[in-house]
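Visitor: Start from the sequences and build out the full structure, keeping to the hints where you can.
Each protein sequence line maps, in turn, to chains H, S and G.
Note that the numbering used here has the first sequence beginning at 201, numbered continuously upward.
Note that the numbering used here has the second sequence beginning at 40, numbered continuously upward.
Note that the numbering used here has the third sequence beginning at 448, numbered continuously upward.
Bear in mind the hints are in silico, worked out from the structure with no lab data behind them.
Fair warning: there could be bad hints in the mix.
[Claimed, not checked] Keeping only pairs whose Cα atoms sit at most 27 Å apart, straight-line, the calculated DSS-like set for lysine-lysine is:
{"#": "1", "chain 1": "S", "residue 1": "Lys323", "chain 2": "S", "residue 2": "Lys382"}
{"#": "2", "chain 1": "S", "residue 1": "Lys113", "chain 2": "S", "residue 2": "Lys41"}
{"#": "3", "chain 1": "S", "residue 1": "Lys66", "chain 2": "G", "residue 2": "Lys714"}
{"#": "4", "chain 1": "S", "residue 1": "Lys104", "chain 2": "S", "residue 2": "Lys41"}
{"#": "5", "chain 1": "G", "residue 1": "Lys714", "chain 2": "H", "residue 2": "Lys359"}
{"#": "6", "chain 1": "H", "residue 1": "Lys359", "chain 2": "G", "residue 2": "Lys721"}
{"#": "7", "chain 1": "G", "residue 1": "Lys721", "chain 2": "H", "residue 2": "Lys362"}
{"#": "8", "chain 1": "S", "residue 1": "Lys202", "chain 2": "S", "residue 2": "Lys221"}
{"#": "9", "chain 1": "S", "residue 1": "Lys113", "chain 2": "S", "residue 2": "Lys66"}
{"#": "10", "chain 1": "H", "residue 1": "Lys788", "chain 2": "G", "residue 2": "Lys563"}
{"#": "11", "chain 1": "H", "residue 1": "Lys362", "chain 2": "G", "residue 2": "Lys714"}
{"#": "12", "chain 1": "S", "residue 1": "Lys223", "chain 2": "S", "residue 2": "Lys202"}
[Unchecked claim] Derived contacts from chain H toward chain S, CB cut-off under 7 Å, selection only:
{"#": "13", "residue": "Pro340"}
{"#": "14", "residue": "Val341"}
{"#": "15", "residue": "Asp694"}
{"#": "16", "residue": "Ser695"}
{"#": "17", "residue": "Arg697"}
{"#": "18", "residue": "Leu699"}
{"#": "19", "residue": "Leu700"}
{"#": "20", "residue": "Asn739"}
C-beta atoms are modelled at their ideal positions from N, C-alpha and C, and glycine is treated no differently.
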Amino acid sequence: MGRIHVLSDELVKKIAAGEVIERPASVVKELIENALDAGAGRISVHIEDGGRQLVRVTDDGGGMAEGDLRLAVLPHATSKISTQDDLFAIGTMGFRGEALASIGAVSRLRIRSRTPEATAGHEIVVVSEEVELAQAAGCPVGTSVEVRDLFFNVPARRKFLKGASTEAANVNEQFARIALAHPEIAFDLQHNQRVTYRWPGNESFRERVGRFCGPELANELIAIDWEERGLRVYGYVAPPARSRSASNWQYVFLNGRFIRDRFIQHAVREAYRGLMEPSRHPVVFLFLGIDPGMVDVNVHPTKIEVRWQDSNLIHSQVLAALREKFLRSDLTPSLRARDPEEPVAGGAGHRATRPDGDDAWPAWTDPSDRRVEGVGRSGADRYRSAEGGAGGGMPLGRSTDDAEFRGGAAGGQGHGAAELWRSLHDASDRWPARAGDKELSPPPPPPRTRALQVHNAYLVAETDEGILIIDQHALHERVMYDRLRRRLAEGVLDSQRLLLPETVRVTPEQMEVMEVHAELLTRLGLEITPFGRDSIAVNAVPAVLRDSEVTAFVRDVLDKLADRGNQPTPEVFLEDMLSMMACKAAVKFGDPLTPEEVEALVAQREAVEKSTNCPHGRPTALRFTLAELERQFKRV
Amino acid sequence: MKLRVNRHELAEGLAAVSGVTTSRTPKPILQCVLMEAQGDCCVLKATDLEMSVSFTVTQVEVEEKGDILVSADKLSQIVRESGDETLLLETGEGLCHVRGQDSHFQIYQQDTREFPPVPSGGGPADFELETGELRRLVGWTAFAAARETSRYAINGVLWELQKGHLSLTATDGRRLSHAEGKPKTTTDRSLRAIIPIKALNLFMRIVGEAEGDVGISVTENENQVVLRSSRATVTSALVEGQFPNYRDVIPTDSDKQADLNTAEFLSAIRRAALLTNDESRSVKLSFQGDELVLTGRAPEEGEAVVRMLAAFQGEPLDIGFNPVFLVDALKVVESDRVTLELKASNRPGILRCGPNMLYVVMPLNLS
Amino acid sequence: MSIFDVRHQPRAHRMIQRALSGNRVPHAYVFHGPDGVGKEAFATAFAQLLLCPNPRSAETDLRKRSELADWTGPAMDACGECDDCRAVRADTHPDMHRIYRQLNAFHPDTAVRNRKALDLGVDVVRHFVIDAVGAKPARGRAKVFIIREADRITTAAQNALLKTLEEPPATTFLILLVSSLERLLPTTFSRCQLVSFSPLPQDFVALQLRELRPELEDNAITYVAQLAEGSLGLALQYVDDGIPAIRDRIVTPLERLDAAGGSTVVKDWMESAKSLGAACRRRDPEISDTESQRQGLNVLLALASAWYRDRLRSAAGKAETGPRATLCADAISAINTAAQQIELNANVQLCLEALVFRLAWQRAS
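Guide: Next up, the structure:
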């Protein structure tokens, strides 16, 4: 019996029906997978006109005997599965027999194949499902499949094909998805006789990934390898600074097959959270090794989606694998400013046409201005007083706000660290003007103008090497977030008891989660008790929150806990809440700051881990070196 | 209308009314100031519909009575930049002419009939206060009021007048301050009105350090308050809602008491607070015998310990407070000594400054 | 304006009058119904009634006019003569607050001002609603907040508003105007009284059009009134966007549609949709390109659909035209499908192509 069997009816039904051939890229995918199954050591792909005219895949694998060749073009023929049991332990790639048949139905298909034992090969030509020619032919061992004029007989489908360059990009993507997972096999891809990729075999994953993404990124890749509870997660990920604006640089392979999976995407996102802007996407190449019995790959016709037996396990393991690595890696982005006149390196092949976020991404780095730090570390220097500022009397300004009272009242709920200082030490009080306790305050140090606030939004600071532009909200949020996190690690957050408890109306679900998660709430500094049937009383709140935000914060907390669709782990939940608190408590983009507040904020920058990004992942500061400035001003 | 006015006087008046004009409003007419020339003075009026100010400018020679309605912003700029001693203002052909020695500005006038009515606050006041007393009462309370919370009632200071006795109360839900005072004159009327901070603030700014009396009255429908000094009248909508029953939250069961030197206490808190930050802003107060130990701790920066003498009666107690809350109150204390009454580390403390001023403050949970 | 000048909304009238007569007027309403059927006019008249110090019982003929002949309870109306009534009419009443997303341009915070007003955001709601609710009425009786396009209120803004909806001061009334209930959170919705508004009768729309746009020809009026599906606002918008003139360009090709001419039709339609979208954009500069294109397409598809409906109607009752009726019905359903797809962000060009070829194919077979 030949190696290809026609699947039994029962088995055919087991396999989800559906068209697999949509465009040249799907042809490429099916053919490469067949080649892999044939045990090829080298696979060549050649396309013309984006694959619309020709797709040819040649391999040096086992080849097919004459009988198999005929059978191959029948629907649901496959050499891989004979019984239902096989379906549940799928070790090979293209178990769906319909690939060649489907292709044969919509194109002019020519297959040449020769087994190693045979002295000659065979050739078969199929046009619109009709075998037009079958004959012996001279050819090397292996199989070569030519697909011409895809959809020539289905104008409606042909019409929906995109331009050659788009289709070629799709082919490239499909090619990469498979070739990345098989560094042991040599791959090449040509478009209109021009080489897009040529990758030798017997490579390591790292070499293969490096060839794919270019040497610059390859050098920065971080290796991941983690194995626990029957799941191995390995591969390479790029540092956060190498994030992209699109998510298509996330390559995840399950047992050698490219998949898209929202659990894994979410885990990756979680791992990068706080290191990168939310709108950016990390670059990852992850390989998952798992017992095939723990996953159903047969839920989508193109097998790109899978169903896990235990999705939580997958999520937690991927997250753990990345987290563990990140905690041990130095993620500080390297200093690299792009000269506007420096030509943007045009990547080879289709990569140049990709939206490459790096070009739009200014460099930043950690500040290391020791002088600024000095200001931050010395208690006396940090101390600032508004004495000698506005005295009493009626200011003639047209201010309509209530600045007079702000020193006092807003301080209690206030934000900036420096505002705390100001409200604590502001002896002049502006209104009503009072002297008297001035002698209690140490004399203010001479004013420094190390940093300047612009547009009530950014701080510009001088450093030894140049200048630093800081996003005031992002930095302050970052500072707060880190400190809150440290505080939480030690126990519970400072909690302000309320003289007048706030009542909040809640749903029955919220009421329930409130009781279930009482301990978590206490750690955040919230003390909540039921208050009647559908309300709660808030008796104590995290001390960092302004009072206008308390109700909204409580609602957010309860919503998050009651969201059944996305139950976070306690750690994830607490981190989410800290992010939220830091964001609410930090100075806002647009808040005017006093020079003292500016200095205090700049000074804190040094003390903070990850201070290059705010908890949402936006950068907190941009750095321009003197060298950079000189270049921009054409001084050098 | 035609008048000659002392420029400094006019500038002062415009600054006073500019407290309610805003350059950003969907109703452009509210960006204007109305000038009414009458007899020997000129009254400036502005409103944002919630709050109105009228200010009487003296040192005016009115040659021709009448009204002008012009952009407050533009007029203020002209007046501010001018170097003249006096300015001549005159209307004609839809324009307002402002003439100085070497300058002549023409600003477009708006139709005065479209300007919303600004109450002039005529009629006798419900009660009168000396400005010094007003400053004391407002100074002790306004800082404790809440800001922009959706519990509307606490976004202002509660004024209560009953049987010739006046009290002011403000709270933000975490601390509460209360002051009692004596009006100079009063009617029989009992009042309970929540005056928005914005209005008090504006009025205090206009009153400044001036001496004399101010009159305060609430309209019959109890929706508006009229604050009147010798030159200015501020009218404002009162704050909606029921002020919490504050008498219930003033503890009566405190069994520990510390008698403290105001200046030393303030200084000690400030110094202990040097090593706190936004995320852990608690200062621990440990009372034992005659000593008070204040501790501030920021894990990133270190720890501060400050000791002071305290005449303390009762069982030893540790209690945490947000230093800002204590400093807010201590800053406005005028007496040399204050007393702090306590019960337990999770119960409110009361800071007293004489018989007429008290301040209740909730502790922080010490972690 | 008398509240009874709002016509053909007897349900709304009955609900409001019942609440007034029981002296139990809820503090928060959701007025729900298609755009342009009188929700805001009704809300304004209702506000006037709440603000007027001497409301009075409406005269019988007024009630009749509002299709309230069967209402036997008391019917209150504002006096229409006092200062408050005049101020509401002039839109200058200090206690009537009109809230709309573009108010962000007047927010004290620069960052808020510089934002595009695509939604009714939390900053606008905080500043112009929540803070304003905290002040007592300037003139005494009440204060009313009419929130336009409340279906574009963000979740954050709704959450901020909850406390106010829960416990509004006794003098405060909030009216949320929505054409769709989808974006209202259950927590918002459950705190409001729902008042439903219906599409207006076509004759009434035509009558109003004749009055408001006297220059229009009769057949244009009939056409637009029919097209607007009971929305006077939409009808006026169609007139102002020049729909009667554009109409022929869009529907004439339908009469002799075949596969060969299909591409031309699609191209024409894309052009027309663009210019219709531009008109929408002029009306509301804040909306995005995609949104204006979508609105333009909606108008276009409505025109096409109306054409088939028209033919369906003329075919009705004639036995020999059975197949033709089926054809029209199929065409209408194809158009609806296309509209849905476009609503779901499908590729516009492809949808139109699919639609046109389908219409052509139906005609041919």
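Visitor: Against each hint, give a clear statement of whether it holds in the structure.
Guide: These are the hints, each one checked on the structure:
| no. | hint | result |
| --- | --- | --- |
| 1 | Lys323(S) to Lys382(S) | holds, 15 Å |
| 2 | Lys113(S) to Lys41(S) | holds, 19 Å |
| 3 | Lys66(S) to Lys714(G) | violated, 45 Å |
| 4 | Lys104(S) to Lys41(S) | holds, 7 Å |
| 5 | Lys714(G) to Lys359(H) | holds, 16 Å |
| 6 | Lys359(H) to Lys721(G) | holds, 24 Å |
| 7 | Lys721(G) to Lys362(H) | holds, 24 Å |
| 8 | Lys202(S) to Lys221(S) | holds, 11 Å |
| 9 | Lys113(S) to Lys66(S) | holds, 17 Å |
| 10 | Lys788(H) to Lys563(G) | holds, 19 Å |
| 11 | Lys362(H) to Lys714(G) | holds, 18 Å |
| 12 | Lys223(S) to Lys202(S) | holds, 13 Å |
| 13 | Pro340 | violated, 70 Å |
| 14 | Val341 | violated, 69 Å |
| 15 | Asp694 | holds, 5 Å |
| 16 | Ser695 | holds, 4 Å |
| 17 | Arg697 | holds, 4 Å |
| 18 | Leu699 | holds, 5 Å |
| 19 | Leu700 | holds, 5 Å |
| 20 | Asn739 | violated, 10 Å |
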